[in-house]
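Undergrad: Based on the hints, put chain B in the right spot on chain A.
Protein chains: 2
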Amino acid sequence: MDKDKITLSHGSGGLHTKNLINDIFYKHFSNMMLLQGLDSAIFEGESGRFAFTTDSFAVKPIFFRGGDIGKLAVCGTVNDLSVAGAKPLYLSCGFIIEEGFLIEDLNRIAKSMASASEEAGVKIVTGDTKVVEKGSADGIFINTSGIGIVNKNYWMKKIIPGDEIIVTGTIAEHGTAIALDRYSIKAKGNFISDCAPINQIIGSLEAFMDSIKIMKDPTRGGIATALSEIADYANVSAHIFEENIPIRKEVNSINELLGIDPLYLACEGRAIIVADKEKSQEILSQIRQLDNGQNAQIIGHFQESKDGQVLVENYFGGKRILANMICDALPRIC
Amino acid sequence: MDKDKITLSHGSGGLHTKNLINDIFYKHFSNMMLLQGLDSAIFEGESGRFAFTTDSFAVKPIFFRGGDIGKLAVCGTVNDLSVAGAKPLYLSCGFIIEEGFLIEDLNRIAKSMASASEEAGVKIVTGDTKVVEKGSADGIFINTSGIGIVNKNYWMKKIIPGDEIIVTGTIAEHGTAIALDRYSIKAKGNFISDCAPINQIIGSLEAFMDSIKIMKDPTRGGIATALSEIADYANVSAHIFEENIPIRKEVNSINELLGIDPLYLACEGRAIIVADKEKSQEILSQIRQLDNGQNAQIIGHFQESKDGQVLVENYFGGKRILANMICDALPRIC
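Top line first, the protein sequences correspond to chains A and B. Per our numbering: the first sequence = residues 888 to 1221. Per our numbering: the second sequence = residues 888 to 1221.
Treat the hints as calculated values from the structure; they're not laboratory data. None of the values given here were measured: they were computed from a predicted structure. Misleading hints may appear alongside valid ones.
Copies of the same chain look alike in the list, so a pair counts if it fits in one copy or across any two.
As the list claims (entries may be wrong) - Below, simulated DSSO-like cross-link-like pairs (lysine-lysine); rule was C-alpha separation at most 30 Å, straight line:
no.: 1; residue 1: LYS1100; residue 2: LYS914
no.: 2; residue 1: LYS1164; residue 2: LYS1136
no.: 3; residue 1: LYS892; residue 2: LYS1039
no.: 4; residue 1: LYS947; residue 2: LYS890
no.: 5; residue 1: LYS1100; residue 2: LYS998
no.: 6; residue 1: LYS890; residue 2: LYS1044
no.: 7; residue 1: LYS1206; residue 2: LYS998
no.: 8; residue 1: LYS947; residue 2: LYS1193
no.: 9; residue 1: LYS947; residue 2: LYS1021
no.: 10; residue 1: LYS947; residue 2: LYS905
no.: 11; residue 1: LYS892; residue 2: LYS1021
no.: 12; residue 1: LYS1100; residue 2: LYS1010
no.: 13; residue 1: LYS1073; residue 2: LYS1039
no.: 14; residue 1: LYS947; residue 2: LYS1010
no.: 15; residue 1: LYS974; residue 2: LYS1075
no.: 16; residue 1: LYS914; residue 2: LYS1193
no.: 17; residue 1: LYS1073; residue 2: LYS905
Just chain A, with the same shape it has in the complex:
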């Protein structure tokens, strides 16, 4: 047995599973709830509204500039809870690992999950590990589910014409980083995934919860898909302005070269926040005070029209409709 690699017996539920849990997961994720070693984590909850979410991650490659599948799995679920208006509290993680996977890589991923959890202020409290034969999975898949407590003052509200659309930072960086690493494209410039927890930004908006209509993290399908979903859901149209969309020059250029529309590329550390126009400037100022929010922008607004369209206006006043994404240019970005 190769001691550097995952074997089927690591997934048997027996001695080797126990060792793996002790040596890797307990070491990195150490907290009292997890260390009880029970099949369920038990926590005390105050009465209130809870948010519950799940995401499976199959990103390719598993290590990429600016992150890895572990960081992504923690941030993805933290961010889903955050845009539901919840303070993320507890995460679970379920691993499906291919036989032969390097234990060193698993260690690196667990360490990265621990560090992202610490940054986000959440605890990984329960988990599960399965191992499948060589060729039955692509290295490693991770599921994270999460529980948070919803802010007492936050409710999704009806979007009305004039409500403004804020994006909390530069877009398309996660998708671009994955594309470059997957296809080994060499390009000058600073291409790093934006993968990060966004709960600090949203948590800082406590005073504005009354004026926030809806929030969404633009992951698969990018801001185009996120806005299209909101427009569809709320029976309005979005009107955004290219000149206001924060995007780094090199990200824009490389995607032009690749023929990919960055509006459809995933962010993994950004939120779209729809807010009452009376308060949107104040909200923007607040977001910009945070490290990860300095490039936030108001990129447009909603307008009357029940067709659920997303309209982009370019620098010259030309308009185009963003079509619903049918097939992703870049699968397996999360």
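TA: For chain B alone, coordinates are given in the frame of chain A:
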């Protein structure tokens, strides 16, 4: 594009993902929380102790006598919550699907999840679907996570010598069913997985919560591993009697033939309940009143000894120690 099969675009987060969710998941899992279509499910919780658990499922084959990966995924998480003393409430499900997977099979699995959820009285309230390229996964993997509310009168208690060990039904049936189906072994007899939710049985023990010390579902590694974990955790030894262990004749015989010790084979619809000896007979009688508990037995007790061993006594008074399982005879049973 083959309309009968899953394609990468079903995992893109775009139009095809939406159609898949509408046509399959919303159709089968229909409930108000899920139908809101948000990234997180929101639920009102009373203050109290919550249980939170996760499990990933990679069973092979995905359809087997007595169940399928979907039923297993629902029951597995329902049962983990149940043995934590919790009433299971909400489940999440995360799918990782291989490109080319038959949509008909996905439909069958979703239907089976819906039916198991209904039997267990839980709701699937949030989900996620990822698709990976052909060859990057083995058909389908499912993660379910779950939340339950812990019975106010249930706490794990110190096990003392004399505490008795109840198993709620015949053992090793899930593992045996998987072995026969995986290796296409033809044998006379009724070999069906015991896969089922156990929350009704545990829920019926409300009046006995004070006398129950600990509960566990003997899945991977069977009752041997479950008892070994309890003994280890509680710093005592278990002493069980072969003649009291409920096992169907054909299950015993086929495993003798295959050279597999059924004590190490998974159950997916049974619980081990450790109870105060003053109350164990009453608890047993209560369990036997339920359909799925008719074959419940007291199989032994705990005794003084800090070595955490599990001792089996056979029909002739001979004793053997059940070793910690190192390598599973049968990987991927769940």
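Undergrad: Give the relationship of LYS890 and LYS1044 under a CA distance limit of 30 Å: within one copy only, between copies only, both, or neither.
TA: neither (55 Å within a copy, 38 Å between copies)
Undergrad: Quick one: LYS947 to LYS1010, C-alpha cut-off 30 Å, is that within a copy, between copies, both, or neither?
TA: Intra 26 Å, inter 32 Å, cutoff 30 Å: intra-copy only.
Undergrad: Checking an output row: LYS1100 and LYS1010, CA cutoff 30 Å. Within, between, both or neither?
TA: Classified as both: same-chain Cα gap 29 Å, cross-chain 27 Å, threshold 30 Å.
Undergrad: When no copy is specified for LYS947 and LYS905, does a C-alpha distance of 30 Å or less occur within a copy, between copies, both, or neither?
TA: Intra 28 Å, inter 23 Å, cutoff 30 Å: intra and inter.
Undergrad: Measure nothing new, just compare the shortest in-copy and cross-copy C-alpha distances for LYS892 and LYS1039 to 30 Å and report within, between, both or neither.
TA: neither (47 Å within a copy, 44 Å between copies)
Undergrad: Is it within a copy, between copies, both, or neither that the alpha carbon of LYS947 lies no farther than 30 Å from that of LYS1193?
TA: The answer is neither: 38 Å in one copy and 48 Å across copies each exceed 30 Å.
Undergrad: For LYS914 and LYS1193, with the copy left unspecified, which applies at a CA distance of at most 30 Å: within, between, both, or neither?
TA: between (53 Å within a copy, 26 Å between copies)
Undergrad: Within a copy, between copies, both or neither: where do LYS1100 and LYS914 come within 30 Å Cα-Cα?
TA: between (41 Å within a copy, 29 Å between copies)
Undergrad: Pop the pair LYS947 and LYS1021 into one bin, within, between, both or neither, using alpha-carbon distances up to 30 Å.
TA: both (17 Å within a copy, 14 Å between copies)
Undergrad: Up to 30 Å between alpha-carbons, please classify LYS1073 paired with LYS1039: within, between, both or neither.
TA: Classified as neither; 48 Å inside a copy, 60 Å across copies.
Undergrad: Evaluate LYS974 and LYS1075 at a C-alpha cut-off of 30 Å and name the case that applies: within, between, both or neither.
TA: neither (38 Å within a copy, 56 Å between copies)
Undergrad: Between LYS892 and LYS1021, at a C-alpha cutoff of 30 Å, which is it: within one copy, between copies, both, or neither?
TA: The answer is both: 11 Å in one copy and 24 Å across copies each meet 30 Å.
Checked against the numbered hints above, the structure breaks hints 3, 5, 6, 7, 8, 13, 15 and 17 and satisfies the rest.
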